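Chemist: As a plain string of letters, each chain reads:
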Amino acid sequence: MRRKITLIIPTILLLLLLPGCWNRRELNTMAIVEAVGVDRANDGQIVVSLQILKPSAIKSSTSEKASGTKSVWVVTSKGETVFDAIRNASLQTDRKAYFSHNTVYVLSEELARNGISDELDLFSRDSEFRKLTYVFITRRKAEDIIRSDYEQEKIPAQAIEKLAKVTYAASKVPKVQLIDLLKNFASKTNDSIVPGIDIIQEDNKNPNEESLKLDGTAILKRDRMVGWFNEKETRGVLWVLGKVKSGIIDIATPGNESKKSGIEIIRADSNVVPELVDGNLIMTINVRLDGNLGEEMGSSDLVKPESFDEIEKQIDTDIKEEISSAVSKAQNWDVDIFKFAPDVHRKYPREWPELERNWREEFRKIQINIIVDAKLHWSGYLKKPVQPKNTEGEVAQ
Amino acid sequence: MLTKIIRKSTRKKRRQSSEPLCQNPSGNPTTLSKKLEDNRQAILNTFPKADDLVIREFTIGSEAPVQAFAVMIFGLFNEDSVNENLFKPLLSVHNNQLTGSTLEIIKESILSVSSVQEVQTLEDTVTGILSGDTVLFIDGADRALIASIRGFAARSVEEPSTESVIRGPREGFVESLGTNISLIRRKIKNPNLMVEKMTVGRQTKTSLAIVHIQGIANDEVVQEVKKRICRIETDSVLESGYIESFIEDAPYSLFPTVGNSEKPDIVSAKLLEGRVAILTDGTPLVLTVPYLFIEAFQNSEDYYSRPYLATFIRWLRWLAFFISTFVPALYVAITTYHQELLPTSLLISIASANEGSPFPTIVEALLMQIAYEILREAGLRLPKAVGQAVSIVGALVIGEAAVSAGLVGAPMVVVVALTGISSFVVPAFTDVTTIARFVLLILSSFSGLYGVMLGFAGFVIHQLSLRSFGVPYMSPLVPLNGSGLNDVIIRKPWWAMTSRPHSLSRNTTRQVDSLAPSPPENPGN
Numbered sequence: 001m002r003r004k005i006t007l008i009i010p011t012i013l014l015l016l017l018l019p020g021c022w023n024r025r026e027l028n029t030m031a032i033v034e035a036v037g038v039d040r041a042n043d044g045q046i047v048v049s050l051q052i053l054k055p056s057a058i059k060s061s062t063s064e065k066a067s068g069t070k071s072v073w074v075v076t077s078k079g080e081t082v083f084d085a086i087r088n089a090s091l092q093t094d095r096k097a098y099f100s101h102n103t104v105y106v107l108s109e110e111l112a113r114n115g116i117s118d119e120l121d122l123f124s125r126d127s128e129f130r131k132l133t134y135v136f137i138t139r140r141k142a143e144d145i146i147r148s149d150y151e152q153e154k155i156p157a158q159a160i161e162k163l164a165k166v167t168y169a170a171s172k173v174p175k176v177q178l179i180d181l182l183k184n185f186a187s188k189t190n191d192s193i194v195p196g197i198d199i200i201q202e203d204n205k206n207p208n209e210e211s212l213k214l215d216g217t218a219i220l221k222r223d224r225m226v227g228w229f230n231e232k233e234t235r236g237v238l239w240v241l242g243k244v245k246s247g248i249i250d251i252a253t254p255g256n257e258s259k260k261s262g263i264e265i266i267r268a269d270s271n272v273v274p275e276l277v278d279g280n281l282i283m284t285i286n287v288r289l290d291g292n293l294g295e296e297m298g299s300s301d302l303v304k305p306e307s308f309d310e311i312e313k314q315i316d317t318d319i320k321e322e323i324s325s326a327v328s329k330a331q332n333w334d335v336d337i338f339k340f341a342p343d344v345h346r347k348y349p350r351e352w353p354e355l356e357r358n359w360r361e362e363f364r365k366i367q368i369n370i371i372v373d374a375k376l377h378w379s380g381y382l383k384k385p386v387q388p389k390n391t392e393g394e395v396a397q
Numbered sequence: 001m002l003t004k005i006i007r008k009s010t011r012k013k014r015r016q017s018s019e020p021l022c023q024n025p026s027g028n029p030t031t032l033s034k035k036l037e038d039n040r041q042a043i044l045n046t047f048p049k050a051d052d053l054v055i056r057e058f059t060i061g062s063e064a065p066v067q068a069f070a071v072m073i074f075g076l077f078n079e080d081s082v083n084e085n086l087f088k089p090l091l092s093v094h095n096n097q098l099t100g101s102t103l104e105i106i107k108e109s110i111l112s113v114s115s116v117q118e119v120q121t122l123e124d125t126v127t128g129i130l131s132g133d134t135v136l137f138i139d140g141a142d143r144a145l146i147a148s149i150r151g152f153a154a155r156s157v158e159e160p161s162t163e164s165v166i167r168g169p170r171e172g173f174v175e176s177l178g179t180n181i182s183l184i185r186r187k188i189k190n191p192n193l194m195v196e197k198m199t200v201g202r203q204t205k206t207s208l209a210i211v212h213i214q215g216i217a218n219d220e221v222v223q224e225v226k227k228r229i230c231r232i233e234t235d236s237v238l239e240s241g242y243i244e245s246f247i248e249d250a251p252y253s254l255f256p257t258v259g260n261s262e263k264p265d266i267v268s269a270k271l272l273e274g275r276v277a278i279l280t281d282g283t284p285l286v287l288t289v290p291y292l293f294i295e296a297f298q299n300s301e302d303y304y305s306r307p308y309l310a311t312f313i314r315w316l317r318w319l320a321f322f323i324s325t326f327v328p329a330l331y332v333a334i335t336t337y338h339q340e341l342l343p344t345s346l347l348i349s350i351a352s353a354n355e356g357s358p359f360p361t362i363v364e365a366l367l368m369q370i371a372y373e374i375l376r377e378a379g380l381r382l383p384k385a386v387g388q389a390v391s392i393v394g395a396l397v398i399g400e401a402a403v404s405a406g407l408v409g410a411p412m413v414v415v416v417a418l419t420g421i422s423s424f425v426v427p428a429f430t431d432v433t434t435i436a437r438f439v440l441l442i443l444s445s446f447s448g449l450y451g452v453m454l455g456f457a458g459f460v461i462h463q464l465s466l467r468s469f470g471v472p473y474m475s476p477l478v479p480l481n482g483s484g485l486n487d488v489i490i491r492k493p494w495w496a497m498t499s500r501p502h503s504l505s506r507n508t509t510r511q512v513d514s515l516a517p518s519p520p521e522n523p524g525n
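First to last, the sequence lines map onto chains A and B.
Per the UniProt record's numbering, residue 1 is the first one in the first sequence, and the count goes up by one each step.
Per the UniProt record's numbering, residue 1 is the first one in the second sequence, and the count goes up by one each step.
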């Protein structure tokens with residue numbers, strides 16, 4: 001027994017000490033960072049804005065609703081590198097910044113125009129930063145977004161995170177995480193899209209009433225921003241990427257062309273089939289979608305096969321328009337944000353090395369062929385639209 | 001009343017086995033003398049100061065009276081019965097009945113006592129006297145008669161306060177060995193139920209009974225139990241815990257390798273699975289061996305209620321066992337080492353609740369755990385009338401007040417409360433979980449989840465190394481036995497549990513396979 005103990009105790013001590021796992025931190029010594037904004041100052045220095053949680057404020061505001069104290073604290077600091085700037089923040093914060101729960105990176109357009117890979121290096125290298133953090137680009141200074149307030153959530157960063165998570169509902173803005181960007185950087189051909197974020201005035205009379213809004217999509221050529229896509233073009237990109245899962249397609253109501261009707265996308269998916277004809281690439285983009293007559297403005301009775309056919313045709317042209325506008329703009333800017341390259345590589349592995357060498361050129365020449373297979377299935381609880389009836393029982397016009 | 005009947009019925013079953021179980025080296029026996037006076041002097045010398053010793057001298061017969069005396073200890077014999085069945089017949093003997101050896105005649109035709117034994121040595125008579133028997137010495141005989149007419153104050157059979165059930169028998173063991181054996185006999189009416197008595201304790205001479213079912217229990221286990229008990233040469237055995245600590249397989253282990261129960265139905269069930277029970281005089285707690293890890297998660301009520309709920313409750317017990325062992329350690333590890341493991345919103349609630357608490361989390365955890373253990377112990381020891389005060393003060397102090405005073409964070413109170421309640425779900429392991437919890441807490445405070453994992457691995461390795469009377473402690477989990485799992489992961493209905501645990505018994509067939517009930521074939525008729 002004694003022999004056993006003399007063996008066991010040193011073993012346990014060694015097992016405890018050798019891995020060097022001593023990293024004890026109490027929660028109240030940590031500054032939990034929820035959002036990071038990165039700007040570049042005029043003198044070329046990096047400006048980092050950290051949205052830091054104030055646990056005490058959250059505690060108090062649960063009991064006294066909206067006591068006025070903000071539950072986050074924003075610290076801005078400068079440095080030669082991002083890491084330097086973050087460590088410089090500790091000159092102002094009494095607790096050391098902790099990034100594992102960071103949910104959002106916001107980069108300014110100004111910075112993004114000059115390339116973002118330098119600024120993202122730390123976030124990809126350090127173990128404390130998560131790769132699943134959402135990335136946004138703003139037309140303003142990133143600091144403004146980090147400092148802005150939000151009505152619904154106590155912590156604005158969580159609001160931004162949730163904004164990213166509900167992008168599927170409209171499918172007009174992409175949802176991009178750090179890992180997506182890193183994957184694109186790692187490939188030789190893919191370019192990236194990053195959602196834009198902006199501050200809007202809720203109420204013109206009160207300049208303090210401001211809110212956050214996802215607005216447009218920044219297009220990155222490699223790591224350098226080249227311009228913005230609007231909502232329609234963005235959806236065109238998302239159709240090709242197969243990222244549209246839900247959303248509304250507006251069409252002119254058949255029989256009441258002055259009015260609009262809304263088609264709800266229930267299911268959608270797409271695939272891209274490249275074809276090499278005489279050295280020219282033709283990409284066939286197949287989009288399939290199941291829809292639902294979600295709303296009708298107007299008075300015609302749409303629940304009949306002919307109307308449904310017409311609506312499907314309209315959806316068809318609508319989507320084609322969205323996609324082709326996106327593709328032509330992307331071809332203008334030389335950015336393969338549709339990930340055409342991997343599709344081509346997969347189908348034509350032999351030809352690929354040749355194509356890859358000159359991919360930008362090839363991409364610009366790509367012809368697209370869009371096939372939309374839209375099916376309208378349901379019309380909700382109604383057949384005829386909601387319209388007051390006149391005495392004859394006819395729908396009043 | 002019931003107990004009296006039980007006690008009477010047990011009296012008939014006095015030791016009949018002739019060969020002693022252990023060869024106890026007991027010096028040279030003193031034989032009794034033919035002279036009554038010598039015997040009387042010998043008894044008095046043996047008990048120099050025993051004012052509770054009763055020596056009743058009398059004569060048998062009237063014309064040629066035979067001198068005799070009876071010895072017993074006040075309070076240990078049944079006075080009414082002794083008067084009625086011993087003295088009354090003896091004092092009304094006529095001389096013409098006394099033909100031949102007086103002793104033989106008295107034994108065979110005069111005493112109306114069920115158990116009468118002839119002994120030849122002083123030591124045997126002394127043992128009889130101390131056990132509450134009445135010893136009869138007759139002039140001219142170098143032997144004495146031991147009439148077993150015991151009777152002493154004893155608790156009646158009641159529902160035990162531990163192991164209470166909703167469905168199932170309410171009776172529990174008492175402090176009397178005879179009653180306890182009879183309680184088992186009444187459940188298992190089978191001559192194969194073997195009851196072997198022994199005496200342990202140089203001073204206390206405590207009686208033990210080793211009970212097993214011949215043909216179900218493995219003989220090696222029975223022999224091993226006897227061997228280990230024979231080894232015990234100690235002053236006293238006041239409770240079965242003494243025996244347990246002498247016969248344990250792993251005396252240094254945190255885990256018990258000997259089980260105990262206070263209920264005859266549980267002990268009978270264990271006997272029927274092939275275990276051996278050790279009954280100790282003077283305690284209602286009966287030991288059962290071999291004891292396996294999974295037994296702690298089985299409850300008698302599992303077998304009386306329907307299988308679905310029984311299975312669910314069994315899973316719940318496993319869960320509660322893990323909660324009560326690991327949750328404080330995991331909480332400390334995650335909140336001080338691995339904050340990234342928490343969902344953000346949970347981290348925020350914990351961080352805001354802990355804001356302003358003055359102690360490190362581990363200190364908080366230890367303080368609250370110790371406070372809880374103190375309260376638990378106080379609640380156990382206090383008189384029932386004061387018990388309520390403890391729960392009120394305890395709930396207020398370690399719950400509400402500690403939080404609002406800013407001493408500890410509210411999540412820690414939740415953790416401690418959850419842990420405390422969970423530890424009662426598996427009562428057999430309450431002591432294990434308490435100690436293991438502290439060990440893991442300390443480990444987690446040193447090296448986070450790594451420490452918890454290390455501790456867990458250590459416990460598992462240790463458990464796997466244990467054996468209880470030759471049976472692997474973790475069986476049927478390790479070594480894995482498929483049919484054994486019918487009663488571990490789930491509790492199959494009785495008609496489906498066709499075999500006994502393989503690790504305990506070689507005679508594994510409990511019943512035939514085709515016992516599942518089904519509706520009658522012709523419901524119309």
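What the hints contain is simulated information worked out from the structure, not anything from laboratory work.
Take these hints with a grain of salt, some might be off.
What the hints assert, rightly or not - Short derived list, chain A residues pointing at chain B, Cβ under 7 angstroms:
(1) Leu15
(2) Leu16
(3) Arg24
(4) Glu26
(5) Leu27
(6) Asn28
(7) Pro55
(8) Ser56
(9) Ile58
(10) His101
(11) Asn256
Since we're looking at a predicted model, the values are computed, not measured.
No residue lacks a Cβ here, since even glycine has one placed at the ideal position from N, Cα and C.
Chemist: State for each hint whether it applies.
Modeler: To see whether the hints hold, each was checked on the structure:
A hinted interface residue such as Leu15 of chain A counts as satisfied when its beta carbon comes closer than 7 angstroms to some beta carbon of chain B; here the least separation is about 6 angstroms, so the hint holds. Evaluation of the Leu16 of chain A hint against chain B yields a held restraint, the C-beta minimum of about 6 angstroms falling below 7 angstroms. Because the smallest distance between the Cβ of Arg24 of chain A and any Cβ of chain B comes to about 5 angstroms, under 7 angstroms, the interface hint for this residue holds. Of the supplied interface hints, the one on Glu26 of chain A holds, with its beta-carbon coming within about 6 angstroms of a beta-carbon of chain B, less than 7 angstroms.
Interface restraint check: Leu27 of chain A against chain B, minimum CB-CB distance 5 angstroms, threshold 7 angstroms, status holds. Because the closest C-beta pair between Asn28 of chain A and chain B is about 6 angstroms apart, less than 7 angstroms, the hint holds. Annotation: Pro55 of chain A was flagged as interfacial toward chain B, and the flag holds, the nearest CB pair being 4 angstroms apart, inside 7 angstroms. Checking Ser56 of chain A against chain B by beta carbon gives a least distance of about 5 angstroms; that is within 7 angstroms, so the hint holds.
Annotation: interface hint on Ile58 of chain A holds; nearest CB of chain B at approximately 4 angstroms, less than 7 angstroms. Given the 7 angstroms rule on beta carbons, the hint for His101 of chain A holds: about 5 angstroms separates it from the nearest Cβ of chain B. Given the 7 angstroms rule on beta carbons, the hint for Asn256 of chain A is violated: about 47 angstroms separates it from the nearest Cβ of chain B.
In summary, the structure is inconsistent with hint 11 from the numbered list given earlier, while agreeing with all the others.
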